[in-house]
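Chemist: Residues per chain are reported as follows:
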Amino acid sequence: MCETGEAADSKDQAPVHEEARFSEMLEDSAEDLYEHAPCGYLSTLLDGRIAKVNATLLDWLGYRRGDLVGRMDFSDLLTVGGRLYHETHFAPLLQMQGEISGIALELKAADGSHLPVMVTSTVKTGSDGQPLLIRTTLFDARDRRAYETELLRARQEADQERDRLKLLNTTLQKTLLPPTLANVPGLDVSAHYHIASVDEVGGDFYDLFPLAAGTWGLFLGDVCGKGAAAAAVTSLARYTLRAAAVYNPDPAAVLANLNTVLNHEYQGTDPRFCTVVFGLLTPDPDRGGFRITLASGGHPPALLMRADGTADYLPTPGGQLIGALPNAHIATTTVHLSPGDTLLLHTDGLTEAHTTAAGGDDRYGDDALLDFGRDLAPTTASDTIGAVRDLLDAFGTGVDDDTAVLAIHVPRPLSEEQQ
Amino acid sequence: MTQHLTLSTRTTAAGPVMELAGELDHHTAPRVRDALAGLALRPGQQLVVDLKGITFCDSSGLTVLIAARNHALAADATIALAAVPERLSRILGITGLDDVFPSHPTAQDAEHAWRTASD
Chain A
1 MCETGEAADS KDQAPVHEEA RFSEMLEDSA EDLYEHAPCG YLSTLLDGRI AKVNATLLDW
61 LGYRRGDLVG RMDFSDLLTV GGRLYHETHF APLLQMQGEI SGIALELKAA DGSHLPVMVT
121 STVKTGSDGQ PLLIRTTLFD ARDRRAYETE LLRARQEADQ ERDRLKLLNT TLQKTLLPPT
181 LANVPGLDVS AHYHIASVDE VGGDFYDLFP LAAGTWGLFL GDVCGKGAAA AAVTSLARYT
241 LRAAAVYNPD PAAVLANLNT VLNHEYQGTD PRFCTVVFGL LTPDPDRGGF RITLASGGHP
301 PALLMRADGT ADYLPTPGGQ LIGALPNAHI ATTTVHLSPG DTLLLHTDGL TEAHTTAAGG
361 DDRYGDDALL DFGRDLAPTT ASDTIGAVRD LLDAFGTGVD DDTAVLAIHV PRPLSEEQQ
Chain B
1 MTQHLTLSTR TTAAGPVMEL AGELDHHTAP RVRDALAGLA LRPGQQLVVD LKGITFCDSS
61 GLTVLIAARN HALAADATIA LAAVPERLSR ILGITGLDDV FPSHPTAQDA EHAWRTASD
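Protein chains in written order, with UniProt numbering: chain A, 1 to 419; chain B, 1 to 119.
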C-alpha cells in the first residue's frame, strides 16, 4: 500500500514540474515571438504607410527600423512588377474581402537584391467595425522559388528530349523508305506513308526498284511490333529483299530467302516476322501494259481497280507470314495490268483503322476497302493515293497503326485518252 | 486508354492451359511472354492457349502465339488454340498461320483431341 501511495504522489507532481519547464523553454515573451518569429511581420496604415515591422523582416531586407516605419509604404518594398500587381489586384481584393493569402511577391532588399516571399494580409477592424490597419505576414519563399525553377527547368529539358526523340524517330522512319520511287517507263507510281505515332518508329516499308533486262521489283510490307527493334527488322527486310531479288528475281524465291534470313536471326521467345508482298513487273509488248507476279507472305491481298470500272482483290491464299516458320509457304498470283488498270498495295493499318471516335469494334475492314476501290475505278495511281490520304485524314486518330500504301497505274495511250 | 489483359494458367493431364482475356497487343505481349517462360511442358504434352476472352489482338499478339508455339516445339510438345475469336481467326487466315495452329471450339475440345490422338 505504502509503495502505491508514493507512486501516486510522484505521478501527481511530475506534470506540474514539466509544465513549468516547458513554459520556460517556450516563449516567455510575446514581444520576442513577434520580433524573432520565423516569418516577417508588417503592420501598415490603411494608406499603406509602414507602422510596425519585426526584426526578422528587417534582417531579411537589410533595413533599420527607422528606414521603414513612418517613411515607406509597403508597396515601396516591392519590385516594379510586384507594385503593379499590388495596386491592381492585391490591395483591391484585400479591401473587398478583408483578407488575402498565399500571394507570391518579390521584395526589394536595401542592397537591391530580390527576395521572393509568400504574403498573407488581414485587415484589423475596431470595435465599431471600421478598418484600422493591415497586418501582413511574409514567408521566405526562396526555397520554394528555387524548387519551382528547378521543376520548370526539368520540364523544359523533358520537352526538349521529347522533341529530339520525335525528330530521331521521324528521321529513322525516313531512312526506311525510299526517298523517291524509281521511274518506270510506261507506269505511274505513287505511294504514301502515314505515321500513326511520332513517339515510336513503325514497321511498314515499301520500295520499287529496277532489276535486270527491263524488269522491276516492288515490295510492301509490315514488320510486327514498333520501336527500334522493329526498325532493325525493317532495315534487314528491305536490304535482304533487294539483294535477294538481284540474285533470283522469282518473287516466291525472294520471299523464301527473306524467310530464311529472319527465321535464323530471330528465334525463340522473341520471334520477329513481317507480312510482305513482293511483285515482279515485266512489260508485256504483245498486249501492252505489264505482267505482274505477286508473291505474298501472309500479307493482305492487293486491290486491282480495272479500266472497265470493276475492282477485286487478288487473293494469295495460304501464303504464310515471313520469318516465323522455318519453311513458310508462299503463295503467288500473276495478273496482266492493262492500260487504265491500277493496283493498290496496302498494310493493315488502313483496314484496321477505327472509323469512329468511340473505338471498339468499328474497324474499317476489307469489305469497305473493296467498296472504296469499286467507287474509285477506273482511276490513277496519284488519285488512288490521294483518296486513301483523304480517308486516313477522315479517320484521324482512329488510325492507330502506321499505314503504307503503294499504287501503280498503267496510263492509257494519249490517243485513247483524247477519245 | 488503359490496356488490360488477364492471364491465368492451369494444368491438365494433357498439359498446361493458358487462358487469355482482354487486349493482346504491344503493351500486354511481354507479360504473356514472361509467363510462357515459366510454363512446364513435358514431351508429348499439348499447350492450349484459350483465347475466348480476347477482344483485340494485333501483330504483337501474333508474336506471342508464335513464341508460345516455339516454346512448345522446343519442349517436344505441341500447341493448340481454343475459342479463337472471329477477327483473330481471320488474321490467322490472312497470315497463313491457321495451318500451324490447330484450333478447337473450347479448351475441353482441345484436350479431348489430344487424348484421341495419344490413344
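Worth flagging that the hints you see were computed from the coordinates, not collected in a lab.
For each residue, glycine too, the CB sits at the ideal point set by N, CA and C.
One or more hints might be untrue.
What the hints assert, rightly or not - Distance ranges between label pairs, derived from CB positions:
hint: 1; chain 1: A; residue 1: Asp308; chain 2: B; residue 2: Asp76; range: 52 to 60 Å
hint: 2; chain 1: A; residue 1: Ala228; chain 2: B; residue 2: Ala13; range: 24 to 32 Å
hint: 3; chain 1: B; residue 1: His112; chain 2: A; residue 2: Ala228; range: 40 to 48 Å
hint: 4; chain 1: B; residue 1: Arg42; chain 2: A; residue 2: Thr282; range: 24 to 32 Å
hint: 5; chain 1: A; residue 1: His264; chain 2: B; residue 2: Thr116; range: 47 to 55 Å
Chemist: Does each hint fit the structure? Answer for all of them.
Modeler: Tested hints:
no.: 1; hint: Asp308/A to Asp76/B: 52 to 60 Å; in the structure: holds (56 Å)
no.: 2; hint: Ala228/A to Ala13/B: 24 to 32 Å; in the structure: violated (43 Å)
no.: 3; hint: His112/B to Ala228/A: 40 to 48 Å; in the structure: holds (44 Å)
no.: 4; hint: Arg42/B to Thr282/A: 24 to 32 Å; in the structure: violated (53 Å)
no.: 5; hint: His264/A to Thr116/B: 47 to 55 Å; in the structure: violated (36 Å)
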